[in-house]
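K.L.:
The primary structure of each chain is shown beneath.
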Amino acid sequence: MCGIVGLTCLPGVIVNPARAVRKSLEKLEYRGYDSVGIAVIFDNKIIIKKGKGKIQEVHSKLNFDGTPGYTVVGHTRWATHGAPSDTNAHPHSDCKGAIAVVHNGIIKNFDELRKELRKNGHIFSSETDTEVVSHLMEEFLKKGLEPYEAFKEAIRKIKGSFAIALVTVYDSEKIFFAKKDSPLIIGLGNGFNFLASDIPAFLEYTRKVIVLKDNEVGYITPTEVFIEDLESGKEVSIDSRIRVISWTPEMAAKAGYPHFMLKEIHEQPRALNETLLGLGKEVEKAANLILNSERVFIAAAGTSFHAGLIYENYLAKLSGVVAYPFISSEYSKYAKAINPNDLLIAISQSGETIDTLMALRLFKNKRAKIISISNVVDSAIPRESNLTIYTRAGPEIGVAATKTFTTQVLVGLVLALKLAELKGELLPSEYFEKISELGKVPKLVENIILKNEALALNLANTLSMKHSAYYLGRGLGVPIAMEGALKLKEIAYIHAEAYPAGESKHGPIALVEDGFPVLFIVLDDENKESIKGNIMEMKARNAYTIGLITEGNEEIAEKLDYVFVLPKQNYVISPITYTPVLQLIAYYASVKRGYDPDKPRNLAKTVTVE
Amino acid sequence: MSLYSRLKAVILAGGKGERLRPLTDRIPKPLLKVVGKSIIDYVLEGLSTLPLEEVIIVVSEKEVSKYVIEKWGSKLLITIAYQKKPGIEGAILAAKEFLSKRDYFILAYGDIIVSKEAYLRTYETFVNKGSEGVIMLSPKTDVESYGIAYVSEGKVIKIEEKPSPEKIGSTLAIAGIFVLPHELFEHVEAEGNFTNALNELARRKQITHYMWNKWWIDVGYPWDILEANRNILLEFKGAYISSKAKVSSKAIIEGPVYIDDDAEIDHNAIIKGPVYVGKNSFVGANAFLREYASIEDNVLIGAYSEIKNSSIQPRTTISSFSFIGDSIVGSETTVGPRTVTLNIIPSGIKVSRLHPLRIGNRIILKLGAVIGCNCYIGASSVLFAGSVVDSNTRLKPFSVIETNLAKYI
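Chains as they are written, first to last, in my numbering: chain B, 33 to 642; chain H, 10 to 418.
Hints in this document: simulated from the structure, not taken from any laboratory. One or more hints might be untrue.
[To be verified] Within a straight-line C-alpha distance of at most 30 Å, the following computed BS3-like cross-link-like pairs (lysine-lysine) qualify: (1) H:K171 to B:K475; (2) B:K472 to H:K125; (3) B:K483 to H:K359; (4) H:K125 to B:K483; (5) B:K537 to B:K475.
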């Protein structure tokens with residue numbers, strides 16, 4: 033996955049276009065950050081500056097800002113084809129240096145295209161799949177096509193997923209673009225227009241956006257936007273597609289916090305509140321869809337999968353519906369099993385997760401119904417669903433999911449309650465009572481964060497010196513433990529494993545030795561007594577026992593070496609109230625170990641590659 | 010941005026340092042040494058990274074102003090204000106006349122040790138956020154000895170000073186770096202209390218925060234100096250030995266160390282870093298300096314003595330064959346030969362801001378002795394863990410001093 037940006041403006045409208053693109057790329061760094069580059073058209077020539085490393089590092093070497101010109105494309109890369117290197121960094125040029133292209137996605141047929149182009153005398157300077165695009169266009173230009181026509185022909189040749197922005201000296205005010213299966217958004221301004229992989233990239237300049245759809249191609253100039261469908265050749269009416277983003281620009285910046293992740297952890301009360309307030313008729317419609325289907329499947333990846341496991345628990349416990357959660361990339365096993373009476377709940381923060389999208393398409397082809405849960409309006413997964421319930425967490429920049437997880441859980445809880453009401457298991461008055469109780473959750477989360485931040489930091493100092501940890505829970509505590517362990521793994525790089533506490537005896541306990549950290553998620557539910565036994569087992573082996581418990585469980589607190597005491601609560605909301613503490617532990621462990629929690633190595637925010 | 014480009018800063022450095030006694034008996038608190046620098050140097054270093062118009066330092070002792078002007082006068086425009094009324098309120102009001110109305114200003118406590126970055130980030134947050142003020146916060150478990158803040162939706166909504174443990178609803182400590190509007194003075198005058206004034210400000214204006222996530226130390230108790238030493242020494246990357254230092258070829262030096270100008274390390278001394286040896290200090294033959302020892306300037310460590318996780322303030326002598334561990338020794342003191350400090354606090358004693366350590370299966374509290382200024386500790390004395398020796402004390406040889414932390418609780 034990568035981030036791309038394009039900017040074309042009239043002289044003077046944006047003071048330093050190269051700088052604007054560099055700053056936009058910084059906002060997209062979460063999409064990839066192993067190399068970066070820009071191409072600027074100036075005086076009928078293309079200036080390309082690119083290199084391996086994070087944007088700041090490369091910028092301090094090459095000074096992107098000092099590049100003159102008003103038509104700029106930029107790219108921040110997460111390597112797929114060709115290792116991160118100066119030559120593999122985008123933009124890529126053709127043989128003459130008259131074209132520059134940036135690309136997010138994968139061109140599946142690049143090998144055969146490259147062979148063919150090499151036969152025709154083209155010389156490739158990188159190992160990337162992307163470079164075929166510029167050479168293809170060069171080939172079509174040679175045949176006498178106009179630049180835009182040549183670009184379209186080139187796009188027709190490539191197969192795979194892509195968001196592409198391309199500039200050429202032959203038409204120096206235009207940025208050509210094409211989109212399929214990778215996100216691309218136009219930002220509309222007065223005397224300038226932007227292209228970017230994500231909205232925060234240009235939020236500083238404009239809030240008017242057009243989210244492009246698959247197979248759309250076109251170009252932007254400083255004063256014009258042209259979009260058409262590549263297959264039908266039909267021009268797209270711009271006006272109907274413009275959306276105004278209500279997020280405030282500083283939301284995507286981290287003012288007040290050292291990292292986006294810490295900011296996003298602290299934003300959870302607000303995100304929960306807005307999600308709750310934003311829920312409308314779609315919940316009831318979704319509950320009806322579930323009610324009218326035979327089987328319910330849940331597809332998700334990573335943190336969203338943990339939300340999926342919680343959905344399963346809610347659906348079973350609150351509404352008596354059995355659901356089958358699975359990890360999206362494992363969808364193919366269901367190829368023969370799905371029928372039109374089935375229903376899939378697809379959970380994806382970005383709405384672009386390729387594995388979940390593929391799972392969704394399988395279900396869709398079998399004519400099953402699709403409900404999606406997403407944080408990004410009009411993204412690929414919602415577009416292909418029968419119904420979407422949106423979390424309103426706002427943009428999440430930290431790679432590790434925080435506020436999007438707790439808001440996903442909240443949506444699942446409301447959905448399960450609605451379903452219970454429709455099934456007659458809750459009276460409407462009981463339903464409303466429960467929903468109004470949920471209104472107190474944001475404040476509860478705020479209090480928990482305030483009260484436990486230093487405790488989490490202290491524990492993190494201890495954990496940061498450990499190599500391994502177990503997170504154990506029972507019932508609804510298991511997915512909470514899984515989410516906590518994932519956080520510790522992905523940002524603090526400490527090996528952490530989550531198990532149902534009862535399962536630890538069946539193997540994992542063999543690893544426990546003096547000082548081995550074992551964190552228990554103790555919910556105020558029917559499992560409380562049995563988890564006490566699990567704590568004692570670990571204590572007997574001199575493990576360092578940590579627990580998240582609720583008030584009034586002093587006899588459990590006594591058995592633990594380190595304890596977080598949360599307010600008394602109905603265990604059903606505990607995935608929302610316990611998880612922020614686990615997020616803080618992972619955050620501070622990461623910082624203590626000297627890592628950047630916003631940009632964990634080898635990870636990208638949105639996984640758009642299978 | 011341009012409107013706020015140059016602010017004035019106010020440093021509150023007039024505190025008496027009561028909780029730091031006996032170390033502050035002869036030296037004002039801002040001038041106590043931590044790894045070769047005075048506490049106030051850390052604050053000025055932090056502020057010097059910002060585009061400031063002027064730094065107003067509120068002091069109550071001439072010694073502090075003399076030190077600051079000599080050391081910093083050429084780098085910063087410094088104005089000295091003398092504190093006349095007591096308390097933090099008195100200190101703040103002493104700065105009022107130097108600030109013009111409509112101005113925002115940076116307020117910094119003079120006893121904070123933190124990375125320079127903290128000052129920059131707090132200031133930057135103010136510039137970027139467009140709020141009426143910024144308070145830096147740092148998560149602390151033992152908040153009952155700090156002021157705490159409640160935050161909601163990115164805003165500071167309430168401040169409490171030294172809350173009682175059972176009522177603590179936040180673990181975010183006020184970290185002693187602020188950007189505040191001039192209006193603060195009105196509220197301090199009206200309320201007569203800094204905490205209430207901040208609350209009043211937070212109620213009327215949008216006050217935001219910067220969340221500091223690394224170490225931060227408010228030097229309030231003697232052992233806070235050890236904590237600061239530890240954190241600073243841990244950041245030493247390699248070994249630095251001044252070209253003016255004299256290190257015997259037979260000395261053994263290992264790990265990150267900083268050996269300052271004119272220090273002398275005698276034959277067979279072993280220094281196992283992280284360790285700091287200050288200017289003009291002498292480490293005798295066969296002495297053993299272990300991790301987190303900070304030997305400030307003009308100190309003499311006698312032959313065969315061992316120092317570990319301790320602060321030896323300037324112009325002090327530790328005579329030969331002594332063991333000083335987890336201790337703080339004030340300036341101009343002489344510790345006689347064969348003096349021993351013990352360092353495990355008897356269980357059941359709780360000491361503010363002193364954190365228990367887990368060693369194997371045991372949870373223990375480690376602290377050696379706190380020895381005042383201008384003392385003479387007789388030869389072969391034994392100082393129990395948590396013993397305190399008042400300044401100007403003369404102990405006979407073979408004295409035994411027992412645990413006595415009552416004054417800090």
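K.L.:
Would you pick out the hints that fail for this structure and give their numbers low to high?
P.N.:
Hints 2 and 5 are the ones this structure does not satisfy, whereas the remaining hints hold.
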